[in-house]
Every structure is written in C-alpha cells, then in structure tokens.
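Chemist: Letter by letter, the chains look like this.
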Amino acid sequence: MISYSRDSRDSHDSHDFIPASSVKIIGLGGAGANMLERIALDSMEGAELLALNTDIRTLASCLAKDKIQLGVNLTKGLGTGGDPELGQQAMLEAENAVRAALVGQRIVFLCAGLGGGTGSGAAPIVARIAREEGAFVVVFATMPFFFEGRRRREQAETSLNQLTVLSNALVTFDNNRMGELVLAKQGIHEAFGAADRMISESIKAVIRLVIRPGLINVGLDDLMSALRTTRSRCLFGSGIADGKDRASKALRNALSSPLLDQGALLKEAQTVLVHLCGGESLTLFEIELLMGSLQKHVPETAHVLFGAAIDPAMGENLSITLISALPEDSLSVGGSALTNQIPEPPVKTESEEPAILVIEPAFQEIERNTEAPISIETIIPEQPPEEVSSAADGSENHPDTLAETIVRSGPNPEIGIQPTALFQQREQDELSQSQPETPKKEDRPFAEFSTIQPSLDNIPELDLPENSSHSTFISGDQLKNRAPDKPLWGKSGPPSKVESEDSELSEKNITPPSPPARKAPATQLKLDPKFPSPQSELPFDNAPKGRFEGENPNVFDGEDLDLPPFLRKKKS
Amino acid sequence: MARRTKIHVGLEIGTSKTCIVVGEVKPDSAVKILGIGVTKSAGVRKGGISDFVQARACLKDALAKAEDASDVEIGSVYLSVTGAHMQGVNNRGTFRLPDNQPNILPEHLTEVCNIARDVHYPQDHVCLHTIIRKYLVDGLEQSASPIGLFAKTVEADFHVVHGIGNRIQNSIKLVRECPMEVDDIVFAPIATAQMALDREQRLRGALLIDIGGGTTDYVLYLDGAIAASGCIPVGGDHVTNDIHLVTGLPFSKAEKLKILEGNASSDPALSVGYAKLTDESGFADVEVKRAILNEVIRQRLEETLKLVHERLPKGAVENIGAGVFLTGGTSLMNGFSELAFDVFGRDIYRPENSSNPDSDHPSYRDPRYATAIGLIRYAQILETENTKPPGCLGKLFRLFWPFGR
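In order, the protein sequence lines correspond to chains A and B. All the letters of the first sequence, read from the start, carry residue numbers 1 to 572 under this note's numbering. All the letters of the second sequence, read from the start, carry residue numbers 1 to 405 under this note's numbering.
Think of the hints as simulated: they come from the structure by calculation, not from any bench. Keep in mind that a hint or two might mislead.
The calculated DSS-like cross-link candidates involving lysine-lysine, where the alpha carbons are at most 27 angstroms apart (straight line), are [to be verified]:
id	chain 1	residue 1	chain 2	residue 2
1	A	Lys545	B	Lys276
2	B	Lys26	B	Lys65
3	B	Lys253	A	Lys545
4	B	Lys256	A	Lys569
Examples of chain A residues lying across from chain B (beta carbon under 10 angstroms, computed) [stated by the list, open to error]:
id	residue
5	Phe147
6	Phe285
7	Lys569
Virtual Cβ for every residue (Gly too), placed ideally from N, Cα, C.
Bound-form chain B, shown alone (with noise of 0.2 angstroms):
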C-alpha cells in the first residue's frame, strides 16, 4: 500500500479530445480528482498523430486548463497510446524443470515468463505490456505464484501489447516537448479497464468497449485476466463522415444532427419522418430522413461492433459473464445499447449520460475521462506492485513511529 499521499497525472492524447486528468491517490489508495484539462484535439487521426505542431499546441492549452484546475505542476505524466497498429496477443510459455528439481524455483519461473513473453512481432513494433493472465503446472491452472510447487512443468499465459514503435516515440516525443516527462506508456483500453472495470466484473468475465472520436478500443477480461485486447480504426468521427457522405451535409451539421437525433437501435418506430436541425432563427435549416439518418448510423457502429465480435477468441463472448461496458464518446449514442445487445447478446452497461457535460465537478464515472482517470488507476496499482514490502526492522520501526503507517 502507498503509504502517503501522491499525485498522479493522465493524459489521453485522443482524436477528438486531448485530456490531462491530475489525481491524488490517498494513503487508503483512494482516488481524488484534483483537476481536469481537456482540449478538443487537432492533429489527430485515428489515435495517431497526424498533424505534430497542432497536437503539441492542443496538448499545451490541455496542460494549462489542468495545471489551472488542480493547482499542482506538472512534470510528468502516464500517457495512452492507441491506433490501429496495436495488437494484443496471447502467448504461452512451456518450461520442462530439470530431471533432478522437483519442484519449482523461482529462476524457473523466471524463464517460463521470458519464454511466454517472446512473442514474435514485426521488427518495427515494440512490445508495450507484458501481462501474466495465469500458472499452469502440468496442465493445471495455477493463479498464484506456483514456486515451491512440485511439477514436472510449468507454462505460463502472457497477454503481450505491442505496436510501431516509431508512432509510439512520437507522441512520447509529443510529450516531452511540452515539456514533461512520461512515467509510463500504457495502451488505452487497458488503462480505461482499470476504471470502468471492478475485480469482480474481471472475475465473471467482462468486454470492455471504448468508442472514442477515432479508434474503438477494447479489452476483454476473463477469469480476472485479460484474454484479447485490441484497436479498430474506426469511431465517431466516421459516423459524422458516413452522415456527410450520404446526405451531403457539411460536417458541424453532420455532427450536430448525429448528437441531437441520430439513434443507432434498429427500431422502426424511430425511423419515421424526417430530424429536422433547427438554425439560430428558428427556422427549419437541415431535414434528413429518419429512416435513413438511423440507418446510416446503425450499419457503421453495427461493423465496429461486429469487427470487434470477430477479433475475439472463439467461445469468449458465451464466457462473458458480467457483461460488455461501452464506454467513450460515442456511446453516448441513443440506442446504442439496444445495437450492442443485438451484436453480443450479453448484458450490456453503458455509462450515464451526464446531464451537464461543462460541468466543474469532472465525475469518475463520465466516460469521456474514463481513459485519463484510468491511467492514474493504472499508475496506483504499478505503484503498488513496486513498493516492496517493509523487512523486520521496517515493521518493527513502524511500530513505534508516531506518524501514519
């Protein structure tokens, strides 16, 4: 346990909002928002950086709002990275323990792991995370630590991220130009996990589902592991293009008439007559056919959806047992939900659409910062695992110091 109190700072560098989130984590590992700056991106595509200079300005006014709104300075930072570059693999290791050592050693659990986690990937990627998901001692699963057991092997599963590594410098690049440091890389759905997820949804089995402006990331857990995770280049910026494209409208209209009157669900009785923009005056400005607006709509996130049922394990859906939580901006979609439930069949969880978005009190729950304030999760639990436990004198010290624990 973090014994004292520390702060953490998020960034989420997305493709339609960039976002610092600068959290306190308390001595009983609560969470406290300090502050929040969000900036709407420029520069960026897809979760890639397309535009640097523009990045770097929209990623400087963030740092301001945030560092204005927490009143802490900033120096360093954990950062999300996504893009359709990134891949999520599972690999297994295997390691056969020496005729004469019954029982594991932890130098053999040392190399089972570094087996399991060379995983091949193309030359120019680089790997982000390596995950343990389980033990398995002679075939059976084993969730803790197997050391000291006696087998004849033991295998280890590992969850490996990797992905470009030169897109990855680049906005490590981006950061350090800011000028701050970067704690730690993590791969956004993971880091969004770490908030929208509890111990016991990973448990039972949950798919994590962020739909941002340009990627859909997703995550899936299962028996408390992560089993797939994965980006599809494809979010609410291409709806607002497929509304362009088909009707011919210019994009603020496009993306207005999307926010205010775009459903995805595929029901019929909200594809009648014709959504009507209204402009400044009152007067009718823009009329699109229901039927079509909703139709439009609903194929594109259908497809993402649907990419994302197909890019997970075979079986893994019927496994889900707490559910798919959509989370991102464009969950925010009316009827969404409904889609999903038609595209997974499972119980489906989507974030409260909150009423007042300019809102001064940044909410934990409001899924547009679930990725920032994931990270800060993410960097409590790294923190966690670091901090080495206190040896005999230690305890004994603490015994008899005054002062907290």
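Chain A extracted, bound-state conformation (with noise of 0.2 angstroms):
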C-alpha cells in the first residue's frame, strides 16, 4: 500500500487532498496507547501517531513514532491512578508541547479509553485543543466495563458530555459489549484485541478515505455532511470481497456490520457516503450493479456521497466503506454517539448500547498472533515536541522513510503483547517489570532523545540487531495473520517465505527486516470479511447429524455432543 500511496502522492498533486502530515492520530492514556499500538501494528499509512500518557512506563514502550509526557512536574512520570482532576492538571501542563505538537493538522483521531484518570480528564482539553488548531477531532472512546464501578463509569460519561461538545464525531464503544465481538471461548486477549482492531479499522477506513484520492472523489466536506446530524450515532460498514460475485458479497459483508443492523439502521439515514476501492479490474457495471443493491437499503430521498478510487494493491478486490450518521432518538438501542460538534448542552444519553465498529470475526480468527516476547530490551526513543514538524517534513518527502520509521520504532516491549494490552493497562505496575529499561528513561532530560531520535530516524543500521529481528518478527506476524488472503500475496512478493519461516523460528527471528512496502497490503487485508463469520462455528466433520441436522453445533470442551461418542472416540 505505501508503494501504491507514493505513486498516489505523485500523480495526485494537483488534486486537494490531505497530506498524511496532516493526519494526526492521538493515543491518550493506557488504553489510548493500546489502540495507538493495534494501528502502528496494523502499519498505517498515511498518518502520524501521537502518544500522550502520564505513565512514563507505558509511554516509553508505546510504539508511537510521537510521544508527550503529561504531567512532568505534576505526577513525575507516574499514572494519574485514577482521578480525572489530575489528568486534566496534568494534560494542562503540558498544553503547550500538544498545541505544537497539533498545529497544522487537518484531521485528528483521538483515541482514549475513558474512566481512567488520563483518558477522562485529559481528552476534553486534547480534543478542545485540536479544534482550537483548526482540526476536524474524531473521538474515538471507549466505555469501562461496569465492574469497574460506578465512579469510574461517572467519570467516563462526564467526559463523554464534554467530548460530545468539543468533537465533531464521537464514537464510543463500550466495553461491556466487547463480548459480541469474540466468541465466548475466546481468550479475553482476543476480546480486548478485537475491540483494539475495530476501532483501528474504522480509523483507517476514514482515513483511507480522505487522504487516497479517488477517480470519484470523496474528502473531508463529504465525511462531514454525511455525519452532520446533531446528536448522532454513526453507522458505519466496510466489507471486501473478490471472486466473481464480488459486487455483491463486499455489499453483504459491509452490511453485515452489527453497527448497520444488517442494513435496516440505513434506512432512516439522511446521507449515506459510499467509497468504493478495487483494483485495475474494477469495472463499471460492478459499480452500478452495487450502488444499485445499495439502493435498496437506503431511502430514495436520501443524499448519496459516491466516492470510488482505484487501488492496484487491491488486486482482486473490491472494498465498500459505508459511514452515515442517524440522530440518536432515532434509534431504539442507543449507540455509538456520533456527534457532530453542535452548541449543544452537553445532556449525554444513556449509551447504553455502545458503538460497535466493523466487526468481523473471521479475521479474528485468523489473528492469534498473541505469545510473543514480552520484554524485549530496546531503545525508544523519546520524541520531543519540537521534533514533530521536523519529522512530519522528513515522512512527507521521503515516504519510505517514514514508513521505516515506524516499522523500527516498532520492536517494543508492548508488541508481543499488544491483544492483551488494554487489560495489562490496568495493572501497569506489573507491566513496568518487564521494562527494566524504563527508569534510567524518567531521569533523562528530553534533549537527550532528540539526539538521539534523527540518527535512528536516517540511519536505520544503528539498530540493534535484536530490534530488528523483532521487526520482522512482528511483520512477519502480521502477514501471517492475513496469510489467508492470497491474490494479496501474489502482489506483495516475498513474504510467503517470510511466513514459512516465522512458524518456525517464532520468537527468534532472524529473517532480514521486511520492506514496509509488503506490510502496506496486509494492512488492506485486515478489513478483509471474506470468510464469512460462521466459519468458527463450522462443524468439525461433516459426518450426518440424525435428527439435530442444521442445528447450531452443540459444542462442549471442543466436541461436538450431538455427534456419537461412539464415532467420535473411534476416530481419534
């Protein structure tokens, strides 16, 4: 994708669209960082990263190629434990590093997780922030679990209120409804890493969408009004498919999000925007023969924002990205609030039923990347404020290196970890021991890593061996993961023998540092839904069934209990 993207910045100029220096993704806290971590494994392109946290620890083992302590003086590197007062003193602090930190930004995603101290009191300040520098803010947040108790919960919707005013959109999750997107004998890794994923996919089908220029092009005044609806919550689908059918199935599978409700929920929208991405195969009539399904879901009345870009990455594929906005009372479960920034009263409703992004539980399958070193020494560089421009001039002129960028400041401790991060927020303090590094990082004054940080920025050789094995490592991983997807893998070359090999070696990588070139793809195939939900519920054998025939498999400890005991055990 980012070869792809280089030709897209050479050949679009003239159009007016966003430079990925523009787009600035913000993790806000733990569970800020751990979103921030599920992007920068997903390899984004096209945007930066932005870690801010009171939690040195944390910070020092977050992936972001940006990172800003709040709260220096106020809580010395250490959590906020808890109370918003002290994150929203602490991001005060450090007003003036984020102010420059955002300027000229035209998009800002924050990410943060509320009910903590740095996610709730910090993100309204960060968010305000950013609109004061001229930003269009996304909030993305998510919603603490209900036992984690009733002032916790208080502090999040407080925050969520002020949010709702500051932000254009606001996407909340809830983690109590994290349960829908795994199976329930799914490690709660897997749960936390789906939530992860899906807030990260829905961050990158925006993005996608605003920075790609397309033949039929959509920007950011075609995302605003398609959510210009007061008090909103946002719909949003994404579904790709490939094969003769394709037209079709990427439609079903874009539906198919439970945000959508199987499509019903568009058919009160107002605006709906379409994108639509494929490859050079892309035909015409595909595109009419699904505006044309689409047709039947959303009302004739209704103002339908058609984008369509041509991505030869896509290979075979085709994508569909749905996003519209209803008003909240519109619905009977309250969502997700998607709320355009609106002179409102911050009267936040119940968000009882919280937004549930692209869900797709086949690729949540396939991801079960999940024991991987935990500490791992390495050398993080600490990025000060001022730093930023400078780095986003360098990444806008030199694509590939700022691609390595992130692909190097990759190999941290939270990797490996990284599906089981959100929980390990929480216990952060077990978290520090596996950063025996991280001390000697409090005492160091900032200027310090800003000489530090261009030398590992050009000159990619200093890095230490061991760092980029674990690059590739996780690289590795992460086309593993997609390994399914084939038509990608014929356009990404190599990486076959990079997935043979890292089954192998695991932990102990030692296959030379993958082009970022070859993560770009697998990133596109993260959306992919091609394999249908039921596949986890398949049946392990197809032997006949008798009378509980077309029954939901009756599954206990790994056996299915409608089958004979008798045949079962004489297989095995």
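Using the supplied hints, reconstruct the complex from the two chains, each of which is provided in its own coordinate frame.
Modeler: Below is the structure:
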C-alpha cells in the first residue's frame, strides 16, 4: 500500500487531498496507547501517531513515533491513579507541547479509554486544543466495564459529555459489549484485541477515504456532510470481497456490520457516504450493480455521496465502505454517539448500547498471534514535541523513511503483548517489571532523546540487531495472520517465505527486515471479511447428525455433542 | 405453615413431553396430586422451544388433559425452564462492618446479600434464582441468620442461576398464550430436587442428575445448601440419534431398540449376540449386534455423566454423603446405575421403573413427573416463606377461632 500511496501522491498532487502529514492519531492514556499500538501494528499509512500519557512506563513502551509526557512535574512520570482532576491538570501542564504537535493538522483522531484519570481528564482538553488548531476532531472512546464501578462510569460519562460538545465526531465503544466481538470461548486478550482492531479499522477507513484521492473523489467535506446530524450515532460498515460475485458479496459484508443492523438502520439515513475501492479490474458494471443493490437499503430521498478509487494493491478485491449517521433518538437501541460539534447542552444520553464498528469475527479467528516475547530491551526514542514538525516534513518528502521509522520504532516490549495490552493497562505495575529500561528514561532530559531520535530515523543501521529481528518478527507475524488472502500475496512478493520461516522461528526470527511496502497490503487485508463469520462455527466434520441436522453445533470442550461419542472416539 | 388448602400447578415443557401436574397442598403441608396432564412434546429441542406453534399446541393439549383429570380450572402455573444457556454460579459477598458498629444489623445483612447476589453475567442473561447458601461471620460458618452477632466482617455465599433472558421470555410467552399466568419460573433441577431429595440427604450431600429427553440437568447439594447446578444439552434423544447414526436404523426403531434392548453397563456378558426387534407378525425385523448397541449407548451416557462430573466443583464428589440420585426418563435405561457408579463412585439411587406407565394413579415417585411435582413442592416452600408469622393480636384471635389453625 505504501508503494501505491507514493504513486498516488505523485500523480495526484494537483488534487485537493489531505497530505498524510496533516492527519494525526492521538492515543491518550493507557487504553489509548493500546489502540495506538494496534494502529501502529497495522502500519497505518498516511497518518502520524502521537502518544500522550502521564505514565512514563507505558509511554516509553509505546510504538508511536511522537510521545508527549503529561504532567512531568505533577505526576512525575507516574499515572494519575484514576483521578481525572489530576489528568486534567497534567494535560494543562503539557498544553503547549501538545498544541505544538497539533499545529497544522487537518484531521485529528483521538483515541482514549474513558473512566481512568488520564483518559477522562485529558481527552476534552486535547479535543479542545485540536479544535483550536483548526483540525477536524474524531474521538474514539471506550467506556469502562460495569465491574469497574459506578465511579469510573460516572467519570467516563462526564468526560463523554464534554467530548460530545468539543469533538466533531464521537464514536464510543462500550467495553461491556466486547463480548459480542468474540466467541465466548476466546481469550480475554482476543476480546481486547478485537476492540482495538475495530477502532483501528474505522480510523483506517476514514483515513483511506479522506487521504486517498479517487476517480470519483470524496473528501473531508463529504465526510462531514455525511455525519452532519445533531447528536447522532455513527453507522459504519466496511466489506471486502473478491471473485465472481464480489460486488454483492462486498456489500453484504459491509452491511453485516452490527452497527448497520443488516442494513436496517440505513433506512432512515439522510446522507450516506459510499466509498468503493478496487483493483484495476474494477468495472463500471460492478459499480452500477453494487449501487443498485445498495439503493434497496437506503431511502430514495437520501443523499448518496459516492466515491470510487482504484488501488492496484487491492488486486482482485473490491472494498466498500459505508458511513452515515442517524440521530440518536431515532434509534431504539442507543448506540455510539457520533456527534457533530453543535452548540448543544451536553446532556449525555445513556449510552448503554455503545458503538460497535466493523466486526469481523473471521479475521479474529485468523488473528491468533498472541504469544510473543514480553521483555525486549529496546531503546525507544522519546521524541520531544519540537521534533514533530521536522519529522512530519521528512516523512512527506520521503515516504519510505516514514514507513521505515514506523517499523523501526516498532520493536518494543508492548508489541508482543498487544492483544492483552488493554488489560495490562489496568495493571501497569506489572507491566513495569517487563521494562527494565524505563526508569532510566525517566531521569533523562528530553533533549537527550531528541539527539538520538534523528539518528535512528535516518540511519537504520544504528538499530540493534535484536531490534530489527523483532521488527521482522512483528511484520512477519502480521503477514502470517493475513496469510489466507492469497491474491494479495502475489502482489506483495516474497512474504510467503517470511511466513513459513516465521512459523518455525517464532521468537528468534532472523529474517531480514521486511520492507514496509510489504506490510502495507497486509493492512488492506485486515478489512477482509471474505471469510464470513460462520467459519468459526463450522462443524468439526461433515458427519451426518441425524435429527440434530442443521442445528447450531452443540460444542462442549471442543467436542460436538450431537455426534455419537461412539463415532467420535473411534476416530481419535 | 399454610393454614388452608391451596392448589398449585407445576408445568414442565420438556424435550420429550409436556407435563402439567395439579397438586393440592393440605394444611398439614402434605401434597396430594389431583391430576396430571401429559402429552408428547413437539417443537422442543434440547430444552428450548424450537417450534413455537407446535409447542403451544402440545401445551394446550396437556392443559386440557390436566384440567380434565383434576377437575380444576388452571389459571396460573409454576414453570420450570432449562437449556444449555442456564448456568449456576457461586458467589461470595463480603461486608466489613463500620468501625463503630460491633454487631450485625439487618441492614448489614441486606447489604452483604446484595453484594453476593451481584454476579457478573453476560448482558443478555437474566438472573433466575439467588439462593443463600450460608453466612460467614469473621470467616466462621453460620448457617442461621447472624443478625445481632458481634463481628468484624460478615460474608454471604450465594448460588445464582442465570440464563438467556429472551429464551426464558419465550417460554413465558408460550404459557401466557394458552392462556395461563406464570406464578414463578424455576430452574428445572432445582424443582426436581425439592421432590427427589429430602432434607437429610441434602445435609449429607447429594447429587441429583435429571437425564431427560434433550437435556441433562444436575444440582448438587452439600451441607444442606446448593453447591452447583447446571444443564448439559444431551439427553435420551442423543442416545436414539446415536443408534440411528451408527446402525442406520430409523428413529422409531432405534428408540424401541434403546428402550427394550439397550444396556448402559459395560458388562461384557450383556454384549453377546444380537438384539432383535420383531414386527407385528412376529418376524425378526431388525438385528443389531448387542456389542455395538450397548457400546453406543454406554459411550454417550458415560460422556454425559463425565461432563457433569467435570463441572462440579473440585472435591465435591468426595463430599457427597448420601449418594447420586438419578431421575428423568433416560435414567430408566438398563444398567445405568452401574455406569453411574463407575463414573462417580458413590451410592447410586435410581427411581423404580414404574411397571405400568399408563397407570391412572400417578405416583409421587415416578421420575417422569419429578420436575412437575417438584414445582408444586417449590411453590409450597415459597408460600411458607412468604407467609408472615401472625402477630400478637393474630395469635390471640386464633386462640378463640374455632375453625382450624
């Protein structure tokens, strides 16, 4: 994808599109850091990552290129201990640095886990700063679990109320609904991973749509008009398919997003933004077909903002992204509050049924990469805010360098444990044990880091061998996870080798660092709902089941109880 | 004590049969069965309703039969529910008394109970029962109410049964459409236990396993309190289905073969030769090797019992003093107690195979009605608990009241 984007940048310079350097993704607090990590792992193209946290340990281990520590004097590198007041003050302390980092940004995505100190306290302020700097602010917020108690819930709600007013768009995801993302049997890390992925997925969809210029372009203005409903809930769906029937399949996949409720919710939408992206084989007929069947789901009076783009990296795939918004009161199940910034009293409606963006269980199935080394010694460059602009410039001129940087700064202790990371965030103390380096960092002044940073950026050779090997590990793992998508493998060249090696080597992967260009198509694949959700529920074998034929499998401890034990045991 | 005769109705919508039992609770708390209405169920799979219309027709039929037999107009029922979604969990709530408050007040107890009841279950689940198991005062067990005792902390152990709300709602809807009211919903094995286990057995520790047509429900009592309960979606239907799948016989024949010839014990002496079914004319119709037939049955039932065993708390089976009580239609399978003994290693109690299944005199002890009759017992207990003891005036009044007590 990166190679593509380079092309697109060259060829579309004349178009009015948003340069990558003006999109920033901010991860705020521990939960935000985890989301950021997922985004970094997906090697998001065309956006810069910025981590903000009070806790220096979490911050040090974060993948983001830019990092700003909040409350250097106030919390002294510790967390806020769940106190939003403290988070707020810490944020105010670092306000100038954050403002400097946000200068000139067109779109700012703010990812935060509400309920804690840093997330709840600082998020409204970050949103305000970003707005003041003239950015379009989209907030992705997770709400705490019920079991975290009423106090945290209230903190989260308070913060959410403020964000409703301050942000352009607000998407909330309730942790309590996390169970719907994964099967009951799957581990907690997968549940958290799925939530992070979902958020990463939606951010990517928006970025892709806004950044990548298309044949029929849709831009930020279209996005804003699609979301221009007061106190609304975001409808979001995205699907990929290939093969003969890919147009209708992709649409079906997109509509299967829980946020769309099988397309039923689109019935009331006023404005729907549809973005198609396909390989060079995308035909007008397909587009017609797809839009025709989409018409059945949207009201005739709806304003359909249509965009299409050709991305050679898509190969035989066709992807469709639907974005719309519904007024919250028109929904029986109150959902993600996606709210355009409108001067409205912040009366937060109870968001019991929070946003669930695209959920693709199939790909959760694939994503099984959880075991990885936890304690890896790395030098993670702390980047001072002053560095930001220069780095941004550099990346614009040399997209390769930017990508390289993302990958390089990747190897850090949190990578391996990313899926569980959200969980770990709650136990930061434990986390700290896996990072022997961090205390040192606390003592060092920022200036020191800024001297290290450029060298790392520009001279990859400086990287410790260990680092690079781990970065390969990660990218290889990423690739492996998406291995099932064959068509794109063809495009991405050698990674099949990486995959095989990776499976054997696991931890001690010594394959040469895979170029970031290879990672990019993988990002595309992530969207891939080509393996529909029932995959995980397929019967263990196709044995006839007599009178229980066609029923939901009755699986206990990995055995389908509807099959005779007599036959099952004989086989094994 | 209930002071006057009261009529309760128990309804069990089982996988194989829908059963309504009308019972009369006498003032001396004896239960008299007035009538039973039973129909074969249709549209019920593994304890859950799969075909609403059919299930409703069956229920109406059973209702008519029960009203006929008992000569009572049935307005409301106690309903038993089951299904794989039902789960029983134990939870302990701890409450630390305020510093200036040395002994336990009723409000402290309410608080600790609320804490203990507050089990985290999936959002689509609803809580069906919260049953107090015991109180602990500063870590010491206290079976009776600890109100008034001196303590630093008071803890309560609760057993909470929860299940998917919508499925339970659908069962209620089915009953309402008949139309009858639902007095209360009871998790099936808990109802069955009211009937099948007496107080002493519960105190000594007893495991009740109700193997019905589509589900196997179990409830474990230790020290007089519920220690575990749950449901495994396997039952007699699965045995028949297994025979069908392995031998290729049609369901009706497989069912017949299972009942007449099947044996679940692993006794090799019983697995010699062929099991034969004869048709009306007396000719041999079906021939199956006994070794295969018995093995199919045994493996299925053994697996089911082992699943139950696995789901009991660790070390619980060793604490079962009274034994394992089997009930439900499938427990009538030949050789089943031997198999159960192999799995649990405890005394096995099995209901008598009632000699005449079509008897007009429904027996108390008939395992097929255990759940529905248990519901009546449950209703009676509920009634007793809810009846407030008469106040001073009431007692005085009753001294002079010539009729009854």
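Chemist: Would the pair A/Lys545 and B/Lys276 pass a check requiring their Cα atoms to be no farther apart than 27 angstroms?
Modeler: 24 angstroms, holds
Chemist: Going by Cβ atoms only, is A/Phe147 closer than 10 angstroms to chain B?
Modeler: 6 angstroms, holds
Chemist: Would you mind confirming whether the straight-line C-alpha gap from B/Lys256 to A/Lys569 stays at or under 27 angstroms?
Modeler: 25 angstroms, holds
Chemist: Quickly compare the C-alpha distance for B/Lys253 and A/Lys545 to 27 angstroms and report which way the hint goes.
Modeler: 17 angstroms, holds
Chemist: Please work out if B/Lys26 and B/Lys65 have their alpha carbons no farther apart than 27 angstroms.
Modeler: 23 angstroms, holds
Chemist: Does the closest beta carbon of chain B sit nearer than 10 angstroms to the beta carbon of A/Phe285?
Modeler: Because about 43 angstroms separates A/Phe285 from the closest Cβ in chain B, which is outside the 10 angstroms limit, the hint is violated.
Chemist: Checking hints one by one. Is A/Lys569 an interface residue toward chain B, by the C-beta closer than 10 angstroms rule?
Modeler: The hint holds - A/Lys569 has a Cβ within 10 angstroms of chain B, the shortest such distance being about 6 angstroms.
Going down the numbered hints, you'll see the structure goes against just number 6.
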